[in-house]
Amino acid sequence: MSTGRDPGLQPERTRLAWRRTLLTLSVVTALEVRLASTGGPTGALLAGVTVLVWGALLMLCWPRGTGAGPARTGGRTLPLVALGTVGLAALGGLLVLRGLW
Amino acid sequence: MWEAIRRWFDPAELRSVGEPPDYRFSLANERTFLAWLRTGLALVGGGLAAAQFLPQLPMSHLREVIAVALLLLGGAVAIRAVDHWARTERAIRLGQELPASRFPAILALAVGAGAVLLVIAVLLRAVGGR
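Protein chains in written order, with our numbering: chain A, 1 to 101; chain B, 1 to 130.
Since the hints were derived computationally from the structure, they do not count as laboratory data.
Part of the chain B face toward chain A, derived, beta carbon under 7 Å:
1. P11
2. R24
3. L37
4. L48
5. A49
6. A67
7. G74
8. A81
9. V82
Reference excerpt, derived from the structure (chain B facing chain A, CB under 7 Å, subset only):
10. L27
11. E30
12. F33
13. R38
14. Q52
15. L71
16. G75
Note that the structure is a prediction, hence the values are computed from the model and not measured.
Beta carbons are placed, not taken as given, at the ideal position from N, Cα and C, and that holds for glycine.
Just chain B, same shape as in the assembly (with noise of 0.2 Å):
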């Protein structure tokens, strides 16, 4: 693990490896991290938002509970985000296959599950609210 995260910070190894591949190839690769960035800094955003701008909610503490998981959804897009990048410009470089990943599916599941969540709350205070 820790020698992947060195890798990151690593460019020369990175230019070491394979061949260097057509540049357009690393800047769609280079764009797609940022596409992915920014879904991380929206996680992120979202966690700040919720944190102020939320109401005082009925279930205590549910409010951080919210926007401390968009916090931490954030960050792991972030590094995950970093990491696939890093393995696909390898997988370029190498003229390998590029690396599959079930984050994609995990986080849109997550987020969807949230959102249910998040509407049967919101049910639940319209039907016993009054």
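Only chain A is shown next, with the shape it has when bound in the complex (with noise of 0.2 Å):
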């Protein structure tokens, strides 16, 4: 009988994890996109940071979703992915208090 570890569907499961975070990622960037496209010169500015961390993250995480190159955990990405989302809500926090004065 064998001793290795069996991975069952941990792999896959993890994988389908990321995939969701990623959709959810590209759903909150098209919404502060949205906000930022009626602020003006300066809300195409945010729009096109907001766009730029996005596609960071997204290849930051897209071999985590398509299980290209070896199977990792853990690892810098997920501090980065958490940073990119506290990057997010600062730049939405940013259009909002702007559309004040």
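Join the two chains, each given in its own frame, into one complex according to the hints.
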């Protein structure tokens, strides 16, 4: 009997979780770009920054979602994705507060 | 605090602690992190939606207050997600008990309180608006 560990569906489930997260991230990006698009030139700049953050996170997370390359867990990807989320929230806050004056 | 933040970005330091765990546990921990991150993203998305889809509310700036509160909550959930992931990973490697946390209870109370406040606001408007 093999003593090797049976991964079961764990890697597949994790890949799908990454895909769901990227999908959610894309929806949030779309909402933020829509909000920024009403803000004139500064809004356009912030929309550009939002799209850049989204692109960077997409490039970072894509291998986790597709299973391309070696299967890995943890690493710097996780804190960076969390940081990106905080960045999107901060940009959103800037856009909301900018609309007040 | 800065030490903890530095640790999040240092996978080598994490790998030097304890023993390599069954990777299924690491994968499960990662999925929990992703589920929390999606919770945070949903709150951020809710804040962005409130800012642009809510009509101008009778109380001045109430819409902006709701939006910023949701954005702050979403950011806090994302930060807490990565912190909890790192502490859980460490505990798994060291064979210790998993870290306990009050955060889910606090978040649930905050979201519940926000919902109750909005229900009251809607009822007041329905009664006083005509």
